[in-house]
Every structure is written in C-alpha cells, then in structure tokens.
Amino acid sequence: MKSLSGAARAKVVDRSGWIRANFSSLKRLLKPVLIEDSELKMSSISSRITALEIGAVLGWMSTRVLGQYDLLVLDNEDLNDQDLVYYVGPNICAIERRYAFDPDGFRLWLAIHELTHRAQFTGVYWMREHYLSLV
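Add 505 to a position in the sequence shown, counting from 1, and you land on the number used in the numbering used here.
It is worth saying that the hints were derived from the structure and are not from the lab.
Glycine included, every Cβ here is placed at the ideal spot set by N, Cα and C.
Simulated DEER-style distance windows between Cβ atoms:
hint : residue 1 : residue 2 : range
1    : I550      : A605      : 45 to 51 Å
2    : W614      : L637      : 25 to 31 Å
3    : S529      : G610      : 27 to 33 Å
All chains should be modelled from the sequences, with the hints used to inform the complete structure.
Okay, here's the thing in structure tokens:
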C-alpha cells in the first residue's frame, strides 16, 4: 500500500514532548467544540477543571505510550508539525530494560506497528475523512 502523503517522518520525543504534541492534536480535534463552548460562556472554573483533567490524563498516558501516529493533518497549519510518527524514547528504553528486549528487534517491531497505523490512514484515500467524521 503506497502512502498518498509520501515518506513517513518520525520524531523521538520525551514525555513532555509527547504531551505537547497530543495537546496540539486535541486542540485541533476539539476546536469546533471549544468555539461553541466559548459562545456559551463556559465558566472559568469549568474551563480550569477540564484543563486539569486533560493534563492529568495526558501526564499519566505519557508514562505508558511507546509510539503514536498523529493523523490530524489540517491544511491551514504548519505541515512540519503534522503527519508524524512519534516515539517516546524514555518509555521505549524502560521497556527494553525491564523485559531485556533486543533494542534493534523491539524498535523495528514498534516502527512497523506505528507505520501500519499511518498506512491505514494515508494509503486509503477516504479513511482519514471517514474516521474524523466519526469523532
């Protein structure tokens, strides 16, 4: 399956880098809802509680995730920050040490796993739009 987006791009990040990337993706995904809520004058306290909850979830997840494909590509944003496969370096190294995995083999498996997700969304022209219409 050939990707319609060209060659894959990878970025190794630390946990805080993964959180930043996911926060950006969440902002893109939730933009219509956030605009609607701002029109409804969501209370300052509700906004802060929501932000704390999102921060707590992303913080917890950042200690467990190994890799991720970010499929939210928008035409009006910097393409260098989109269509990336992220690898969380500290988590990968921790798993390799904990289970005595061969780093080359484990990292190859992880790359194939994440690139499979990318191939699903970039190799089938209608898949990305269909998925985004569901969320």
